[in-house]
Amino acid sequence: MHLPDFNYYQPETLQEACEILGRYGAKAKVLAGGTDLLPKMKQDVLAPEALVSLKMVSGMSDIEKVPGRGVVIGAKTSPNDLVNSSVLHENFMSVSEAAHSMANNQVRNMGTIAGNIVNAIPSADLPPILIALSATVTLVGPVGSRTLVLEDFITGVSRTAIAPDEIMEEVVIPEQSTTGSAYFKFGLRHSGALAVVGVAAAVTMQGSLVRDVRIVLGAVAPTPMRAKKAEEILRGKNVTDDLIAEAGKSAAVECKPISDIRASEEYRRDMVRVFTKRALRKAIYLEQSES
Amino acid sequence: MQGVKDKNGVMRYVISLIVNGDYLTVTVKGNTLLVDLLRQQLNLTGTKRGCKLGNCGSCTVLLDGKAVSSCLVLAVEADGREITTIEGVAQSEKLDKLQESFIDNAAIQCGYCTSGMILSAKALLTKNPHPTETEVRTAIAGNLCRCTGYVNIVKAILAAAEA
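Those protein sequences? They're chains C and P, same order as listed. Mapping to this note's numbering: the first sequence position 27 is 27, numbers consecutive. Mapping to this note's numbering: the second sequence position 106 is 106, numbers consecutive.
A few of these clues could be false.
Straight-line alpha carbon distances no greater than 35 Å define the calculated DSBU-like cross-link-like pairs of lysine-lysine that follow [to be verified]:
(1) P:Lys29 - C:Lys29
(2) C:Lys55 - C:Lys27
(3) C:Lys237 - C:Lys282
(4) C:Lys237 - C:Lys249
(5) P:Lys5 - C:Lys42
(6) C:Lys29 - P:Lys97
(7) C:Lys282 - P:Lys97
(8) C:Lys29 - P:Lys66
(9) P:Lys127 - C:Lys282
(10) C:Lys228 - C:Lys65
(11) C:Lys55 - P:Lys7
(12) P:Lys29 - C:Lys55
(13) P:Lys127 - C:Lys55
(14) C:Lys27 - P:Lys97
(15) P:Lys29 - P:Lys5
(16) C:Lys40 - P:Lys94
(17) C:Lys282 - P:Lys5
(18) P:Lys5 - P:Lys94
(19) C:Lys42 - P:Lys94
(20) C:Lys29 - P:Lys127
(21) P:Lys127 - C:Lys65
(22) P:Lys29 - C:Lys27
(23) C:Lys27 - P:Lys5
(24) P:Lys7 - C:Lys42
(25) C:Lys27 - P:Lys66
(26) P:Lys66 - P:Lys155
(27) P:Lys66 - C:Lys65
(28) P:Lys66 - C:Lys55
(29) C:Lys42 - C:Lys65
(30) P:Lys29 - C:Lys42
(31) C:Lys40 - C:Lys29
(32) P:Lys97 - P:Lys66
(33) C:Lys40 - C:Lys256
(34) P:Lys94 - P:Lys7
(35) P:Lys7 - P:Lys29
(36) C:Lys40 - P:Lys66
(37) C:Lys282 - C:Lys249
(38) C:Lys42 - C:Lys27
(39) C:Lys55 - C:Lys42
Don't read these hints as lab results, they were simulated from the structure.
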């Protein structure tokens with residue numbers, strides 16, 4: 001299993017990095033953590049002519065609460081940075097928990113939040129909870145930057161809205177009244193396992209009234225998907241166990257899972273039903289215990 | 001970091017890094033992996049190659065104190081950074097308490113996973129000197145022991161933490 005040859009670049013600014021990417025078009029890849037890219041190259045899934053390393057590009061590795069913007073997470077932040085971030089612990093523990101459910105400790109030290117998003121595999125653990133929290137991503141290109149809602153950014157299996165000469169700079173979880181959020185993952189092992197099903201929920205409550213709710217399902221469709229009908233069942237209603245159960249059933253109908261080596265379609269649907277209920281209960285509990 | 005074309009037109013990069021406390025300057029190709037730099041150029045064969053895909057943990061080393069899979073790190077990316085391999089865990093002739101503990105608790109069977117296990121454990125104990133059993137198991141979850149000797153490995157790490 002040999003790593004094929006490539007031209008290696010180590011630019012010091014994003015602008016310079018975008019220029020190099022622009023020269024190569026789709027034939028270059030950005031190298032940050034390398035935990036997805038290098039295995040794909042070793043297995044001949046990808047054969048880029050050039051790798052553009054972000055190692056010497058400064059910044060992009062902090063997690064900060066910025067007034068008026070929300071929690072700003074640099075694109076090079078590793079999953080373990082998310083696991084250990086006090087800013088996330090105070091505001092969105094669910095993101096730390098989702099990061100902790102990923103891969104293994106070594107990969108969590110090396111990988112990046114941007115890599116987990118731009119690789120766009122359906123079972124990725126960070127996108128569901130980030131979409132539930134209405135996160136946006138900022139992309140830098142040769143002629144400036146643009147910000148997209150993460151929900152619209154992932155467009156298919158391994159497909160996103162990023163252009164070949166763009167680089168993700170940051171992920172922002174906007175300021176919001178939502179304080180209760182949760183991510184539940186089912187994998188075949190505790191560690192080193194892709195999600196068979198992942199369910200994220202975020203709620204805004206007023207007493208027992210559900211003012212707003214977002215439910216996002218992972219690994220059961222080509223992209224992370226909102227369970228919009230399930231959300232509708234709860235939005236504007238006083239929450240009851242029956243309504244939560246109904247939302248779970250709706251999510252199980254809405255999702256579009258496949259049968260594969262890890263689980264059957266039927267099994268995934270039933271797990272979506274159960275995990276939607278659990279994620280909602282936990283998110284509601286957390287929201288109510290904070291206010 | 002300086003790049004030079006060799007006589008066959010292949011780019012070589014001159015990198016400087018600290019390996020087990022030694023400042024080294026070496027020349028590597030763009031596609032040289034850190035594990036191969038360590039094993040083949042520096043003859044530090046205590047670091048093992050296993051799955052080569054970041055799943056098995058046998059190539060675990062510490063990069064600036066953090067456990068990483070050296071099969072997924074380009075050698076050029078290690079420029080300016082500090083690496084600890086299993087050869088750098090003992091203080092000259094004196095074994096680290098983790099190494100002693102692995103011996104005392106019979107935590108070594110075939111030995112292939114041991115280097116990676118000890119480095120993952122080392123990173124854990126540096127950050128968290130008194131871990132729970134769950135924290136130990138989480139820390140070594142990326143290190144596979146195909147002799148399945150996990151019980152004694154966990155015991156050895158917990159004993160080293162108490163020592």
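Hints, one by one, checked against the model:
no.: 1; hint: P:Lys29 - C:Lys29; result: 18 Å, holds
no.: 2; hint: C:Lys55 - C:Lys27; result: 20 Å, holds
no.: 3; hint: C:Lys237 - C:Lys282; result: 18 Å, holds
no.: 4; hint: C:Lys237 - C:Lys249; result: 17 Å, holds
no.: 5; hint: P:Lys5 - C:Lys42; result: 24 Å, holds
no.: 6; hint: C:Lys29 - P:Lys97; result: 43 Å, violated
no.: 7; hint: C:Lys282 - P:Lys97; result: 42 Å, violated
no.: 8; hint: C:Lys29 - P:Lys66; result: 25 Å, holds
no.: 9; hint: P:Lys127 - C:Lys282; result: 30 Å, holds
no.: 10; hint: C:Lys228 - C:Lys65; result: 29 Å, holds
no.: 11; hint: C:Lys55 - P:Lys7; result: 28 Å, holds
no.: 12; hint: P:Lys29 - C:Lys55; result: 17 Å, holds
no.: 13; hint: P:Lys127 - C:Lys55; result: 24 Å, holds
no.: 14; hint: C:Lys27 - P:Lys97; result: 49 Å, violated
no.: 15; hint: P:Lys29 - P:Lys5; result: 10 Å, holds
no.: 16; hint: C:Lys40 - P:Lys94; result: 41 Å, violated
no.: 17; hint: C:Lys282 - P:Lys5; result: 58 Å, violated
no.: 18; hint: P:Lys5 - P:Lys94; result: 43 Å, violated
no.: 19; hint: C:Lys42 - P:Lys94; result: 39 Å, violated
no.: 20; hint: C:Lys29 - P:Lys127; result: 34 Å, holds
no.: 21; hint: P:Lys127 - C:Lys65; result: 25 Å, holds
no.: 22; hint: P:Lys29 - C:Lys27; result: 20 Å, holds
no.: 23; hint: C:Lys27 - P:Lys5; result: 22 Å, holds
no.: 24; hint: P:Lys7 - C:Lys42; result: 26 Å, holds
no.: 25; hint: C:Lys27 - P:Lys66; result: 32 Å, holds
no.: 26; hint: P:Lys66 - P:Lys155; result: 22 Å, holds
no.: 27; hint: P:Lys66 - C:Lys65; result: 25 Å, holds
no.: 28; hint: P:Lys66 - C:Lys55; result: 16 Å, holds
no.: 29; hint: C:Lys42 - C:Lys65; result: 38 Å, violated
no.: 30; hint: P:Lys29 - C:Lys42; result: 16 Å, holds
no.: 31; hint: C:Lys40 - C:Lys29; result: 12 Å, holds
no.: 32; hint: P:Lys97 - P:Lys66; result: 19 Å, holds
no.: 33; hint: C:Lys40 - C:Lys256; result: 26 Å, holds
no.: 34; hint: P:Lys94 - P:Lys7; result: 45 Å, violated
no.: 35; hint: P:Lys7 - P:Lys29; result: 13 Å, holds
no.: 36; hint: C:Lys40 - P:Lys66; result: 24 Å, holds
no.: 37; hint: C:Lys282 - C:Lys249; result: 17 Å, holds
no.: 38; hint: C:Lys42 - C:Lys27; result: 16 Å, holds
no.: 39; hint: C:Lys55 - C:Lys42; result: 21 Å, holds
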